[in-house]
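Undergrad: Okay, here's what each chain looks like letter by letter:
Number of protein chains: 8
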Amino acid sequence: MRSPTPDISAFARLDFGRERRTGFGETVYGAGKTPEQLAKIFAAFRAKRLPALATRVSAEQAAAVAERISDVSYDAPSRTLVGAWRTRRKAPRLDGTVAVLAAGTADLPVAEEAAKTVEFFGAGVRRLYDVGIAGLHRLLDVIGDVRRADVVIAAAGMEGALPSVVAGLVSAPVIALPTSVGYGCGAGGVAAALAMLSSCAEGVTVVNIDNGFGAAVAACRILRTRKPRR
Amino acid sequence: MRSPTPDISAFARLDFGRERRTGFGETVYGAGKTPEQLAKIFAAFRAKRLPALATRVSAEQAAAVAERISDVSYDAPSRTLVGAWRTRRKAPRLDGTVAVLAAGTADLPVAEEAAKTVEFFGAGVRRLYDVGIAGLHRLLDVIGDVRRADVVIAAAGMEGALPSVVAGLVSAPVIALPTSVGYGCGAGGVAAALAMLSSCAEGVTVVNIDNGFGAAVAACRILRTRKPRR
Amino acid sequence: MRSPTPDISAFARLDFGRERRTGFGETVYGAGKTPEQLAKIFAAFRAKRLPALATRVSAEQAAAVAERISDVSYDAPSRTLVGAWRTRRKAPRLDGTVAVLAAGTADLPVAEEAAKTVEFFGAGVRRLYDVGIAGLHRLLDVIGDVRRADVVIAAAGMEGALPSVVAGLVSAPVIALPTSVGYGCGAGGVAAALAMLSSCAEGVTVVNIDNGFGAAVAACRILRTRKPRR
Amino acid sequence: MRSPTPDISAFARLDFGRERRTGFGETVYGAGKTPEQLAKIFAAFRAKRLPALATRVSAEQAAAVAERISDVSYDAPSRTLVGAWRTRRKAPRLDGTVAVLAAGTADLPVAEEAAKTVEFFGAGVRRLYDVGIAGLHRLLDVIGDVRRADVVIAAAGMEGALPSVVAGLVSAPVIALPTSVGYGCGAGGVAAALAMLSSCAEGVTVVNIDNGFGAAVAACRILRTRKPRR
Amino acid sequence: MRSPTPDISAFARLDFGRERRTGFGETVYGAGKTPEQLAKIFAAFRAKRLPALATRVSAEQAAAVAERISDVSYDAPSRTLVGAWRTRRKAPRLDGTVAVLAAGTADLPVAEEAAKTVEFFGAGVRRLYDVGIAGLHRLLDVIGDVRRADVVIAAAGMEGALPSVVAGLVSAPVIALPTSVGYGCGAGGVAAALAMLSSCAEGVTVVNIDNGFGAAVAACRILRTRKPRR
Amino acid sequence: MRSPTPDISAFARLDFGRERRTGFGETVYGAGKTPEQLAKIFAAFRAKRLPALATRVSAEQAAAVAERISDVSYDAPSRTLVGAWRTRRKAPRLDGTVAVLAAGTADLPVAEEAAKTVEFFGAGVRRLYDVGIAGLHRLLDVIGDVRRADVVIAAAGMEGALPSVVAGLVSAPVIALPTSVGYGCGAGGVAAALAMLSSCAEGVTVVNIDNGFGAAVAACRILRTRKPRR
Amino acid sequence: MRSPTPDISAFARLDFGRERRTGFGETVYGAGKTPEQLAKIFAAFRAKRLPALATRVSAEQAAAVAERISDVSYDAPSRTLVGAWRTRRKAPRLDGTVAVLAAGTADLPVAEEAAKTVEFFGAGVRRLYDVGIAGLHRLLDVIGDVRRADVVIAAAGMEGALPSVVAGLVSAPVIALPTSVGYGCGAGGVAAALAMLSSCAEGVTVVNIDNGFGAAVAACRILRTRKPRR
Amino acid sequence: MRSPTPDISAFARLDFGRERRTGFGETVYGAGKTPEQLAKIFAAFRAKRLPALATRVSAEQAAAVAERISDVSYDAPSRTLVGAWRTRRKAPRLDGTVAVLAAGTADLPVAEEAAKTVEFFGAGVRRLYDVGIAGLHRLLDVIGDVRRADVVIAAAGMEGALPSVVAGLVSAPVIALPTSVGYGCGAGGVAAALAMLSSCAEGVTVVNIDNGFGAAVAACRILRTRKPRR
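Taken in sequence, the protein lines are chains A, B, C, D, E, F, G and H. If you read the first sequence in the numbering used here, its first letter stands for residue 1467, the second for the next number, and so on. If you read the second sequence in the numbering used here, its first letter stands for residue 1467, the second for the next number, and so on. If you read the third sequence in the numbering used here, its first letter stands for residue 1467, the second for the next number, and so on. If you read the fourth sequence in the numbering used here, its first letter stands for residue 1467, the second for the next number, and so on. If you read the fifth sequence in the numbering used here, its first letter stands for residue 1467, the second for the next number, and so on. If you read the sixth sequence in the numbering used here, its first letter stands for residue 1467, the second for the next number, and so on. If you read the seventh sequence in the numbering used here, its first letter stands for residue 1467, the second for the next number, and so on. If you read the eighth sequence in the numbering used here, its first letter stands for residue 1467, the second for the next number, and so on.
Hints were generated in silico from the structure; no laboratory data involved. Fair warning: there could be bad hints in the mix.
FRET-style restraints, in silico, Cβ to Cβ [said to hold, decoys possible]: (1) R1515/F <-> G1588/D: 54 to 62 Å; (2) R1593/E <-> D1611/F: 47 to 55 Å; (3) A1497/H <-> A1550/D: 46 to 54 Å.
Short derived list, chain F residues pointing at chain G, Cβ under 7 Å [unchecked claim]: (4) I1474; (5) A1510; (6) L1516; (7) S1637; (8) P1639; (9) I1641; (10) E1668; (11) G1669; (12) R1687.
Which chain H residues stay away from chain G? Per the calculated CB distances, all over 10 Å, these [said to hold, decoys possible]: (13) F1477; (14) G1489; (15) V1494; (16) G1498; (17) A1509; (18) A1513; (19) I1535; (20) S1536; (21) T1553; (22) R1559; (23) T1571; (24) E1585; (25) V1597; (26) H1603; (27) G1610; (28) V1636.
Think of the CB as a built atom: it goes at the ideal place given N, C-alpha and C, for glycine as much as any other residue.
Make a model of the complete structure from these sequences and hints.
TA: Right under this line is the structure:
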């Protein structure tokens, strides 16, 4: 197959050439796709022996795909689906470690989407969960671990203060990851997202609410920039 | 004059009986009043030898009032105007101290409105400014002072994280005071206000953006509740 | 166990030292936690013989916890779950009474979350429900009861006018508690919350929509400030 | 001139036939019109000897019109401009009285726009100002006056609770008139408007923020419906 | 029982004296009440032989109430529940007719809530449905009927233009009733509500989205003002 | 039947004369209609042998209609229901082709609603799906096809950039069709709709979120304007 | 100069090749440009003898440009600046007429921006102003003129109902142009824009608030599609 | 002076130790500071011979500071003020280049704030302006330059599509910088910010609207992470 953009049943043009352009292979956003569509897409990846990752996959979707393709692996907390086949090409190891922080227990699904995606792209992950700022000592207890990471992803809902506090304490890039945890005024992650965008700490960047995947890819883009391009 | 609600030129019904009901005398919200109206209101207070405080008073308004009534005193940073006459009745001293924190230099006008109002109602104030969370040590340096206060008012714009961090470190009531400092998404104090309402720290209460006066009255209501009512 | 921040299965760092710092023991926000997580957390509290309170607990969650830990007690209207074991340490009685007002019948679940939390922390509660301002005499009938309380929590949805009217009639601190009761423009408690923040009555402070727990902790912080700290 | 819709310099089609259709003559919304346009429109009214009212007229606009047409009369507080000429036709007196309430002094310009408009259309007005709900006795002092009115217009900014409280106390139609007085969350009258739309009091209707004119016309429509149509 | 505000099981204070004050008896907002609460409230009305109306009652709630109290009558489209017992007191007939217009078929449930409420309070109703402005002739076909009504309620979702067009064609009071019909930008009735508040037609007043009940009570307040008060 | 606006069971006034006025026959918005109402409306169309199209029809609604009227045809992805009977009158063929673009797989249901509606009104459709701007070559691969169309409909959720990029590359009218695909800040299509309205590309027009039907009718209005009107 | 994208002083890359691609020459968005930048850009157009149009040009900007380049022509009401030199190439006449409707006098500046832009691109314009729907006969008086146009642009602020009513009466494409005329809830054109996007009339498309230029280009794109391109 | 947090006139606690902690020296947010405050702060930097940068400095502020401290240098387009003295310590050169892209001419001030800040911190900058996506070839012309950069900052207002298109074409980290350029729906940069947060391109991170400074510090944090820290 020559074209890097094959048609699959008239609904998708998989971008198998993306890795060449951006350094990261095509991945799949599961939400809004039928199980049939997801299964066909995974089959296309498997046919090419390419690594496959889908995010935002419900348990129902995953089960339906697994019925059609046996060698997939589903992680319920992060709602990620990974192709369990041997890929033709070695995943390029990214040099470095990403610290993934979560402010509270309810932020775990989003933090795990980030952590699993970082691992999929071949970098190291250090998980530091339930370190929200209401009990500052919890964060200060682990700040040494955070400082040893090359990139920091800080997930928080509610008032979203965690990345602001962290960015004042470390020199690494800090990616703020708002989660939809919260209620009332600013519900659905809006308060957290606005607070992160308005951070008085310098150089914090932000991804969309619950976008653990995006935070992870941003972290991997950073790790990738660390060494001479080949 | 018998009625506690005299008419002044058909535009205001001053509530001179309010102190009896709520413990706090009538005060004046300056915004939206003409200098003539303000001057007439201050004259009514002076005639009764009652303490007078107006907030949100512009320099222009203050000058216009001062032309008509000489014994007023204007504080430009906090935009407060106070009757400088001797009052008939001793201001009841409130027992206790309010710590007024400000995250950044730009939050000072609002913090000062709070501080000046607390002083007007007869309680002590401890000012602790520019202690925002991007440089956490600045807050930790003064946390002992904060802990010695009976009530804490924490003013912050931008991401508004200061009261959340403080409330995890002290046992006193913490009143979060969002300021309109900020820009872009969440501008005008919206990010700060939402973050404070969404605080993961327990028992933080919030007043409206830039409402230093309201935070101060709330603090004084708390100080007043501390002792047996007479 | 020495550390005040033990890890529980990699998802939570319980802050058993919080009481020392803030005067209030750790509590649990139930929303977004799996029954397994909740059960493990309650087990940790029981192991330490510490009082345990979880809020925002659904009937399903409560049943699942109760299956694992028999001595818990669930209150359906307020959605609170309390550890029914004998605690090692006497709950410090807070001196004073909190009046909990609710504007309408639909506001009861939120008001009850507040009332139950106040009781958990050891203060007295006076419930005054269905006293909304559309029938002002209902409020005026009970205003004597409100005045005898040390702190007032006023819960209201819809137009959220109750705390503003109450604050003009009493001298105690008034905590405005917006509820998500309402529909259309300003639905979900937004109208009530904005109205409370914009109150023309002085010194009203506000918590987030439906945050009965937070209003209660704020009330208890106030009661605690009433006496000399030991 | 036959057509009821004459063109004036290609920018306006005055609806001189409106009174026949809706019972109320054409009036002019001043905002966004040049002084030349306003002057030409007033000239057209004068030529037909019809009563003329323009609202939202700035002092500058009014001065510019008055330079061209001498017999106009401007009221600065309400920003209304009225044709001071004798009209061909007797203004039909509307039978009844409208009570115009204002919560605070800053609400007066809007309340006066309403009052002046009611007077223009020939009904009686009873002004009751500075009766906001933070000092409930101020409203209760005048509630008898309110009850004697046929229609009530209640103007309020801030938390906008006045019409809700009033509607629980009277049987007449209550038109809620939110004003742009306020700041921070819910600034510009948004909190007041949402609160009025969400009123728990029955049968309150609402006009747009600062729309004193619209409230007045609605009141006059009601007065007009009171008697047998001829 | 002397007091006009009896307690029902600690959750409601029925305002049986409301009719005396406002001319309209107490009614019940069904949303957020348990079937037990609803049933007890209806029982209290029946015990006093007073007319009873509840709105926003789901089919489930209605069935549960009907199990406990046999003589209630439920109308599914309008979701209203009415006490079917003979009332002690004759419903005061309101003199006049309310035209209830609906722009589209999907607006019927809200329009019917209005119509049923008007009928409950004893006035006449003229239903004119599916007369939205996209096919103007449908409205013009029935405009004579509209003109013969004393008050007009115009329900519309989507762009909410119906009341604006109607108010330019009739002299009676026009109450704009936005419905939650619509989607996308301005979904949930927000576009309609904003458009109605911003109407360029004079004297339109607005109730909250889907508040057919409130529109009806406002119409009845108007009808009631039509005659000399006794 | 003479009148072009017959009443169907008091809930709908079908506008069978619309085609004469606007060139497009009456169609049906399925959302919010009961199956009974839908079935009666389709029966009315069939009785007149007119082409019938309903959009936003759920599978449940469609099944219920099909039970009553056998000759209807339902397309699940686009949620459109079409009358499968022979119509009295030849559908006027519209001269020209509409290119329907979709940025991602999840946008297909909306794009298909547009495509099916264009086909219903008798114009040609060229479907070009999954050509979002994250992989620009996918769009550039098909830009020749886009350029050969007479009108372009570009559907996109998320950041909604597709129509802006397309409009810079073609001279035909471009109708931007935001979809509700997306989450977090700007969820539900809000980000896409705002971006499309704010497009820096010239002459892009926008329809509401998910309004594939409206985009299609707009495209057909354009095709219709291409030739001399008869 | 070969490249179609020359750099002008490092701040602009004029797209002189745009006409070839999209059929419309490069134009200039004046807002946010310094007079120096505008003057340099106009000089570049003049040097190439290309037609030049800038929109959103303030009187100050225009004067500053005119000082540097004498042969420009400024239209104050529409804030458009046009190069008054002879262009090398004949403006291609677009076949057809665009009806530009404005609901009120205050909408004229935006409507004129549209009209002037249509004329710049070589099509005919029919202006029909002050035909808002509050006086429906004003629109019905001119509907024949509207029907004779090939494309309709309908500008309206406030409740924005004009395009919805028009689209039900004509078969041509209707472009809804919301203006920022209005105040209070839905101010700045938001109510109008939402109403237009939510229009119950079929096939209305919308441009951004006050974007007369965009509406005009969209209309010209439509005219251009009408016949074989030469 | 020992303490790293000296007090300046009670309004600021400069964090001279920040560089040690985060790798970036203290900088100054000029907005909301009085000229006196700014001057005192710059004097403190000069006294310590530290590099000084202030952003969001108006021409008035800059002139006032320059009066007091002669060796400062103001850049009007970017509104940055830099201390022009020799610093004690060599600025650590950051290894790498940041490409700063701007979609349109109006975005230049924000892009320049970013560029100047990157230069202040010692990294290289490549400016590529007016490369917005409406004329895609402008971007494609320079994409080679973009690809050679180590980090990309893409500034855009309006529909904010630039960073999404860029991120699909390069492998470096892409920081999206929304600007407040735009009007109407999504004005003030809201449309751009939402679109960037919702980007379908992977791994884009976002800073607040107009926050060129923040984007620059984020870029420098990334450059700093590239090699072993010295």
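Undergrad: All hints, please: hold or fail.
TA: Right, here's what the structure says about each hint:
For the pair R1515/F and G1588/D, the supplied restraint of 54 to 62 Å holds, since their beta-carbon distance comes to about 58 Å. For R1593/E and D1611/F, the hinted distance range of 47 to 55 Å is satisfied, since their beta carbons lie about 52 Å from each other. Between A1497/H and A1550/D the beta carbons are some 49 Å apart, a value that agrees with the proposed interval 46 to 54 Å. For I1474/F, the suggested interface contact is broken, since its CB lies about 18 Å from the closest CB of chain G, more than 7 Å.
Because the beta carbon of A1510/F sits about 19 Å from the nearest beta carbon in chain G, more than 7 Å, this interface hint is broken. Because the closest C-beta pair between L1516/F and chain G is about 16 Å apart, greater than 7 Å, the hint is violated. For S1637/F, the shortest C-beta to C-beta distance to chain G is roughly 4 Å, which falls under 7 Å, so the interface hint holds. About 4 Å separates the beta-carbon of P1639/F from the nearest beta-carbon of chain G, less than 7 Å, and the hint is met.
Restraint check, I1641/F versus chain G: the minimum CB separation of about 6 Å is within 7 Å; hint holds. Residue-level restraint check for E1668/F holds (minimum Cβ-Cβ distance to chain G is 4 Å; threshold 7 Å). Below 7 Å, beta-carbon pairs count as interface contacts, and G1669/F has one with chain G at about 3 Å; its hint therefore holds. For R1687/F, the shortest C-beta to C-beta distance to chain G is roughly 4 Å, which falls under 7 Å, so the interface hint holds.
Residue-level check passed: F1477/H sits 34 Å from the nearest beta carbon of chain G, beyond 10 Å. For G1489/H, the non-interface assignment is confirmed: its Cβ lies about 31 Å from the closest Cβ of chain G, beyond the 10 Å cut-off. Even its closest Cβ contact with chain G, about 26 Å, leaves V1494/H beyond 10 Å, as expected for a residue assigned away from the interface. For G1498/H, the shortest C-beta to C-beta distance to chain G comes to about 23 Å, beyond the 10 Å cut-off, and the non-interface label holds.
Distance check on A1509/H: its Cβ is at least 33 Å (rounded) from any Cβ of chain G, clearing the 10 Å threshold; non-interface status holds. The non-interface label for A1513/H is consistent with chain G: the shortest C-beta to C-beta separation is roughly 37 Å, beyond 10 Å. Interface exclusion of I1535/H from chain G stands, the closest Cβ pair being 28 Å apart, more than 10 Å. Separation of S1536/H from chain G is adequate, the least Cβ-Cβ distance of about 28 Å exceeding the 10 Å criterion.
With a closest Cβ-Cβ approach of about 29 Å to chain G, T1553/H is found to remain outside the 10 Å limit, as its non-interface label requires. Every CB of chain G is more than 10 Å from the CB of R1559/H (nearest about 25 Å), matching its label as outside the interface. Not every CB of chain G lies more than 10 Å from the CB of T1571/H, the least distance being 5 Å, so the non-interface label is violated. No beta-carbon of chain G is positioned within 10 Å of the beta-carbon of E1585/H; the least distance is around 16 Å.
Interface exclusion of V1597/H from chain G breaks down, the closest Cβ pair being 7 Å apart, not more than 10 Å. Non-interface status of H1603/H relative to chain G is broken: a Cβ of that chain comes within 10 Å, the nearest being about 7 Å off. G1610/H, annotated as away from the interface, keeps every beta carbon of chain G farther than 10 Å; the closest lies near 15 Å. Every Cβ of chain G is farther than 10 Å from the Cβ of V1636/H; the closest lies at roughly 20 Å, confirming the non-interface assignment.
Of the numbered hints listed earlier, those contradicted by the structure are 4, 5, 6, 23, 25, 26.
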